[in-house]
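Protein chains in written order, with the numbering used here: chain A, 1 to 504; chain B, 1 to 645.
One should not assume that every hint holds.
To be verified - With a Cα cut of at most 25 Å, we get these calculated SDA-like pairs of lysine to any residue:
id, chain 1, residue 1, chain 2, residue 2
1, B, Lys384, B, Thr527
2, A, Lys305, B, Lys173
3, B, Lys173, A, Pro446
4, A, Lys305, B, Leu524
5, B, Lys173, A, Pro443
6, A, Lys305, B, Val570
7, A, Lys305, B, His567
8, A, Lys305, B, Asp586
9, B, Lys173, A, Asp306
10, A, Lys452, B, Val128
11, A, Lys305, B, Asn590
12, B, Lys597, B, Phe580
13, A, Lys452, A, Asn106
14, B, Lys540, B, Tyr562
15, B, Lys384, B, Ala568
16, B, Lys173, A, Asp449
17, B, Lys121, A, Gln376
18, B, Lys385, B, Ala374
19, B, Lys121, A, Asp306
20, A, Lys157, A, Asn106
21, B, Lys173, A, Tyr359
22, B, Lys216, A, Asp412
23, B, Lys455, B, Leu524
Hint data in this document are derived by calculation from the structure and do not stem from the laboratory.
All figures in this text were calculated on a predicted structure; none of them were measured in a lab.
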Amino acid sequence: MDFPILLTILLAPIVAALVLVFVPKEESLTIKSVAAVGTFVSLALSLYAYFTYDQSLGGLQFAMQIPWIQDLGVTFFLAADGISLPMLLLTNLIGFSAIFASWNINNRPREFFILLLLLIAGVMGTFIAHDLFIFLLFYEVVVIPIYIMVVIWGSSKRVTKEYAAMKLTIYLLIGSAFLLVGVIALFVKTSAMSGVPDMSFTGMAVVAQQLSGFDQIWLFGLMLLGFGSLISMWPFHSWSPDGYAGAPTAVSMIHAGVLKKIGGYGLVKIAVFMLPAGASFWAPYMAVLGVAGVAYAAMGALAQKDLKYVVGYSSVSHMGYVILAVACLNVIGLNGAVANMFAHGVMAALFFSMIGFIYEKTHTRWIPDMGGLARQTPRLAVGFMMAAMASLGLPGLISFVPEFTIFIGAFDVYGGLAVVGIAGIIITALYVLRAGANTLFGPPRPEYDHLKDIRGPEMVPLIVLGTVLVVGGFLPSLLFDMINSGVVPLHAAISDVLQLGGKL
Amino acid sequence: MLVEFAMMHAWLVPLLPALAFLVIVFLTRPFEKLSAIIAVGSMALACVIASFAAYGIFTNHEFTEKPLVYAANWLSLGIPGVTDSLLVQVGVQLDPVSAMMMFMVSFISTFIFLYSVGYMKGDPGFSVFFSYLSLFGASMLLLVISSNLLQMFIAWELVGLCSYLLIGFYTHKISAREAAKKAFVTCRVADFGLLLGLLALQITFGTLNLVELGEKIHNFQEYTTIGMLTLIAVLVFIGPIGKSGQFPLHVWLPDAMEGPTPVSALIHAATMVVAGVYLVGRTMFLFHEVESAMQLVAVTGAFTALFAATIALTQREIKRILAYSTVSQLGYMMLALGVGSLTAGMFHMWTHAFFKALMFLAAGSVLYALHHKADVWEMGGLIKKMPITGWTFVIGGLAIAGIPPFAGFWSKDEILVATLAEGHYVLFAMAAFTAFLTAFYMWRMIFLVFFGDEKPENHPQESPWTMTVPLIVLAVGAIGAGWMGTPWNNVWAEWIYFGEPHHGPINYGAMLLSIVLAGSGIYLAYTMYLKDTKKKRARKLAEWFGPVHRMLYNKYYIDELYLWFNHALVDGTARLFYLFDLYVVDGFVNGIGTFTKSSGDGLRVFQTGRLQNYALIFFLGVLAVAVLVTFTGPSAASLVLGGVK
Numbered sequence: 001m002d003f004p005i006l007l008t009i010l011l012a013p014i015v016a017a018l019v020l021v022f023v024p025k026e027e028s029l030t031i032k033s034v035a036a037v038g039t040f041v042s043l044a045l046s047l048y049a050y051f052t053y054d055q056s057l058g059g060l061q062f063a064m065q066i067p068w069i070q071d072l073g074v075t076f077f078l079a080a081d082g083i084s085l086p087m088l089l090l091t092n093l094i095g096f097s098a099i100f101a102s103w104n105i106n107n108r109p110r111e112f113f114i115l116l117l118l119l120i121a122g123v124m125g126t127f128i129a130h131d132l133f134i135f136l137l138f139y140e141v142v143v144i145p146i147y148i149m150v151v152i153w154g155s156s157k158r159v160t161k162e163y164a165a166m167k168l169t170i171y172l173l174i175g176s177a178f179l180l181v182g183v184i185a186l187f188v189k190t191s192a193m194s195g196v197p198d199m200s201f202t203g204m205a206v207v208a209q210q211l212s213g214f215d216q217i218w219l220f221g222l223m224l225l226g227f228g229s230l231i232s233m234w235p236f237h238s239w240s241p242d243g244y245a246g247a248p249t250a251v252s253m254i255h256a257g258v259l260k261k262i263g264g265y266g267l268v269k270i271a272v273f274m275l276p277a278g279a280s281f282w283a284p285y286m287a288v289l290g291v292a293g294v295a296y297a298a299m300g301a302l303a304q305k306d307l308k309y310v311v312g313y314s315s316v317s318h319m320g321y322v323i324l325a326v327a328c329l330n331v332i333g334l335n336g337a338v339a340n341m342f343a344h345g346v347m348a349a350l351f352f353s354m355i356g357f358i359y360e361k362t363h364t365r366w367i368p369d370m371g372g373l374a375r376q377t378p379r380l381a382v383g384f385m386m387a388a389m390a391s392l393g394l395p396g397l398i399s400f401v402p403e404f405t406i407f408i409g410a411f412d413v414y415g416g417l418a419v420v421g422i423a424g425i426i427i428t429a430l431y432v433l434r435a436g437a438n439t440l441f442g443p444p445r446p447e448y449d450h451l452k453d454i455r456g457p458e459m460v461p462l463i464v465l466g467t468v469l470v471v472g473g474f475l476p477s478l479l480f481d482m483i484n485s486g487v488v489p490l491h492a493a494i495s496d497v498l499q500l501g502g503k504l
Numbered sequence: 001m002l003v004e005f006a007m008m009h010a011w012l013v014p015l016l017p018a019l020a021f022l023v024i025v026f027l028t029r030p031f032e033k034l035s036a037i038i039a040v041g042s043m044a045l046a047c048v049i050a051s052f053a054a055y056g057i058f059t060n061h062e063f064t065e066k067p068l069v070y071a072a073n074w075l076s077l078g079i080p081g082v083t084d085s086l087l088v089q090v091g092v093q094l095d096p097v098s099a100m101m102m103f104m105v106s107f108i109s110t111f112i113f114l115y116s117v118g119y120m121k122g123d124p125g126f127s128v129f130f131s132y133l134s135l136f137g138a139s140m141l142l143l144v145i146s147s148n149l150l151q152m153f154i155a156w157e158l159v160g161l162c163s164y165l166l167i168g169f170y171t172h173k174i175s176a177r178e179a180a181k182k183a184f185v186t187c188r189v190a191d192f193g194l195l196l197g198l199l200a201l202q203i204t205f206g207t208l209n210l211v212e213l214g215e216k217i218h219n220f221q222e223y224t225t226i227g228m229l230t231l232i233a234v235l236v237f238i239g240p241i242g243k244s245g246q247f248p249l250h251v252w253l254p255d256a257m258e259g260p261t262p263v264s265a266l267i268h269a270a271t272m273v274v275a276g277v278y279l280v281g282r283t284m285f286l287f288h289e290v291e292s293a294m295q296l297v298a299v300t301g302a303f304t305a306l307f308a309a310t311i312a313l314t315q316r317e318i319k320r321i322l323a324y325s326t327v328s329q330l331g332y333m334m335l336a337l338g339v340g341s342l343t344a345g346m347f348h349m350w351t352h353a354f355f356k357a358l359m360f361l362a363a364g365s366v367l368y369a370l371h372h373k374a375d376v377w378e379m380g381g382l383i384k385k386m387p388i389t390g391w392t393f394v395i396g397g398l399a400i401a402g403i404p405p406f407a408g409f410w411s412k413d414e415i416l417v418a419t420l421a422e423g424h425y426v427l428f429a430m431a432a433f434t435a436f437l438t439a440f441y442m443w444r445m446i447f448l449v450f451f452g453d454e455k456p457e458n459h460p461q462e463s464p465w466t467m468t469v470p471l472i473v474l475a476v477g478a479i480g481a482g483w484m485g486t487p488w489n490n491v492w493a494e495w496i497y498f499g500e501p502h503h504g505p506i507n508y509g510a511m512l513l514s515i516v517l518a519g520s521g522i523y524l525a526y527t528m529y530l531k532d533t534k535k536k537r538a539r540k541l542a543e544w545f546g547p548v549h550r551m552l553y554n555k556y557y558i559d560e561l562y563l564w565f566n567h568a569l570v571d572g573t574a575r576l577f578y579l580f581d582l583y584v585v586d587g588f589v590n591g592i593g594t595f596t597k598s599s600g601d602g603l604r605v606f607q608t609g610r611l612q613n614y615a616l617i618f619f620l621g622v623l624a625v626a627v628l629v630t631f632t633g634p635s636a637a638s639l640v641l642g643g644v645k
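Work out the full structure, taking the sequences as your base and the hints as a guide.
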């Protein structure tokens, strides 16, 4: 057997978390270093996996299978393809950066980092699981640490952190309840049809794609509710701004950066892949909701005065593009959807980490209380502006090409509706530049003269995520060749059904 | 050998300043002199390569027909023929137009960079300034040599980013911050149109490579209808409206002078604003097919030229006057393109680059000497103390006014003739009248600033050599840059044209008219602002036309209108959306929560865990049954209690 690379990637943070249990709680530097090493191992290995994946071969690679519950056809099945590898890499880029963004945590650091590591591992698990049961297992695992972390290390602003934590958790649990019903029904139907229970994505999909149009439609509807609320599809988005605002920096980074993307990932790799006829029935509605989310949340962001709320609404807006892209159901659109999730993840994580530092140093996130920080903390300002520019889709940074491909895919399929979505780039520019200008530029305030710029470990998020922003912007094929190698076969598998379309 | 190398490695031209940006940012930021040397040196080297490449292009007539293109795949999605697919290439396209631009941009940038060494001396952000300048130059050069419209768009936006950074360079100033934001957002609105146009082009024709697009659009009937093509052309044109400061998106350009003066020179002369004109020139194959789009371009250009000139008449700040003159001159260029003369449009861009860079840098020299006092009414007689600055500015003034043999005359004449030849008499009249206004307001400024009485409170001094050398070099250009395009021997038109080179008869009438208009404009300015030392007539005129004067001085209140639109309409709507989100969407979510909680509270009464309560409920049940039995008889009782009798 080959070196089990995916398993190692998955276990490294868990091992680190176990080690932390035995580290004395006063030794905060040791605690942070262990966490950093654990995530670094995962990051290095996932980079290795990313660049050794054979794109010309395509398909599932680095696979490992351990039969588990045979009556239900459940296997512990880890594998990666061109869609999951970028998401895995994204998780690790953000996870590694999140450790350093939390470098100044002094309140119970040991517990904090244990939970953070478990969270990272859980998110990774969803992206490399190739079995629906295992996928759901990881998916539910990630909800618990988030709740605890928000309640203990969060911050209360417009809403209390308890409210934020509750809202975040319950909202997502209700969403996943719909998903669970859908998955169980799907399992019952497919195993009855084939006679052999099989929970693996591909095994299930082969059968599920044969389901009648009606079955596919209502099953897809349930999944859309579940995955849709996770990716903050309008109007199931309202957990997102409050949740991010209440959460500690690292949780905001991971939640907005990758956890949310499980929704989009699930839509593409589970819902669309298994239920193409259902997808083509729901696609126009998804497109409308996606565009509504883009415009609505962009306007919402414009009205915010708390930095975290600005980015919170903006992430809802950006996810609207992902939903619109999935709704295109063509190769360009699906490529754009996955790529935009990656791009937005990097951008949002950088944004939240910079805002986290600002909050840590100034003790405020209220934009009118700030101004002129660029003079006092220039490096922080650079990171902030890079994230801001990526957010408004500046060419040369990572978000532009994914957005461009989405626009091409959507313009082709939805025409005028897509134009409304594309108009979002104007509003985005407006709120992002306004937030940046009012925070960083203008006359410096004397009360912030003593602030120390980010340095040492605090620089890691800027260096890691900033590099990815720029490299991905100038060499988009590094990302797109990989995604394309996963999207093309997926599209080929469903294109016959798609052409028939879903009808009630 | 060198020429060959330069032609095949033209990508070095943008790459060198881009590298300079990286080196300054990451390595040499603490060492100011070194940073400046790297920035100026890399741009100068880029200029040398560009000159060799341009020499190669301009010695071989093949390239006017068939451009030199080399490209690499940048992004490839899907499988062509099997699924929907997208292929984007990036590369270099060299032909006379891009070679001319590449040389012009790098040449003028080099001298603006050199000038900045003196101008920015002692500024705490000295190195950062040079890194931004380098990135600016690199982006513009990338735009110029692009072989693909998406590549061009990327560079286009990077140019916008650099202008944002440089306009807002004095980050502590609120005015700079707002001006930078305004520039970015205004251009963004325009880029939205351009982006839609590009998407439509990609979807309709399946490529964004300039050469392929040119061929396919020539036979556009195979792909789409004329209506769709018109729409595409209009959408594409919205981009240049923003970038090149055409009405109604010109508002950002005058504010852009909030940046350091070399930036203004760079934005107004060599980079940024000419990008829009260049884009229209580059996509001439698209506009050429659509008559109505051409007219839109021409009318927008002519109107902007006149409109901006009227505003410039009343402005007081030296850089603001120059800024509106830029808007006006860009209008001329658009007009030329709109009447179908790529030759005239590019020619005016070429000459304008020299005299406008010259005038901005000279204005910077004045500001430098007067410690950033900007009001022309507070200056006077500067030419005695600052002879180089003064006389070079005069040369620029003669060039922009259109006095032969200075550069501006030839290119403006070319535009007027082309407009007339196409039969656009109204546009011709507008352009001719603008020429008169231009001469007037420019010389109003020159007489006020450099001639007349010296003001005792000013203590001007001539600027250092790094600032005056660029002035002299650019002044040479402002004199001679037009001689290659005289009507008697028009070398320019041999090389730079769309379709067929144009050889019209020499129009002496138009030439005479434009000289007369320019001369009378200057003479009027002379009588009002120099001869009349008290400026009585000027004041009286302003009083007589009070409302008009106020409207012009306030730029037709367009900025106020936009500000109102932005604050009242956009922000108001945003506020509404947010309230809707808080109270309706979130209210619904919280409502579910409250409902769940209150139903839980309600049901909790039945689950208190106290025996007494359970006994009470039990007792009430028995009582209810007893009542039932008493009033309805045994049959109902048996229904409730089953078989119990």
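Hints, one by one, checked against the model:
| no. | hint | result |
| --- | --- | --- |
| 1 | Lys384/B with Thr527/B | holds (21 Å) |
| 2 | Lys305/A with Lys173/B | holds (21 Å) |
| 3 | Lys173/B with Pro446/A | holds (15 Å) |
| 4 | Lys305/A with Leu524/B | violated (54 Å) |
| 5 | Lys173/B with Pro443/A | holds (6 Å) |
| 6 | Lys305/A with Val570/B | holds (16 Å) |
| 7 | Lys305/A with His567/B | holds (15 Å) |
| 8 | Lys305/A with Asp586/B | holds (18 Å) |
| 9 | Lys173/B with Asp306/A | holds (23 Å) |
| 10 | Lys452/A with Val128/B | holds (20 Å) |
| 11 | Lys305/A with Asn590/B | holds (23 Å) |
| 12 | Lys597/B with Phe580/B | holds (24 Å) |
| 13 | Lys452/A with Asn106/A | holds (18 Å) |
| 14 | Lys540/B with Tyr562/B | violated (32 Å) |
| 15 | Lys384/B with Ala568/B | violated (51 Å) |
| 16 | Lys173/B with Asp449/A | holds (17 Å) |
| 17 | Lys121/B with Gln376/A | holds (22 Å) |
| 18 | Lys385/B with Ala374/B | holds (17 Å) |
| 19 | Lys121/B with Asp306/A | violated (39 Å) |
| 20 | Lys157/A with Asn106/A | holds (20 Å) |
| 21 | Lys173/B with Tyr359/A | holds (24 Å) |
| 22 | Lys216/B with Asp412/A | holds (19 Å) |
| 23 | Lys455/B with Leu524/B | holds (23 Å) |
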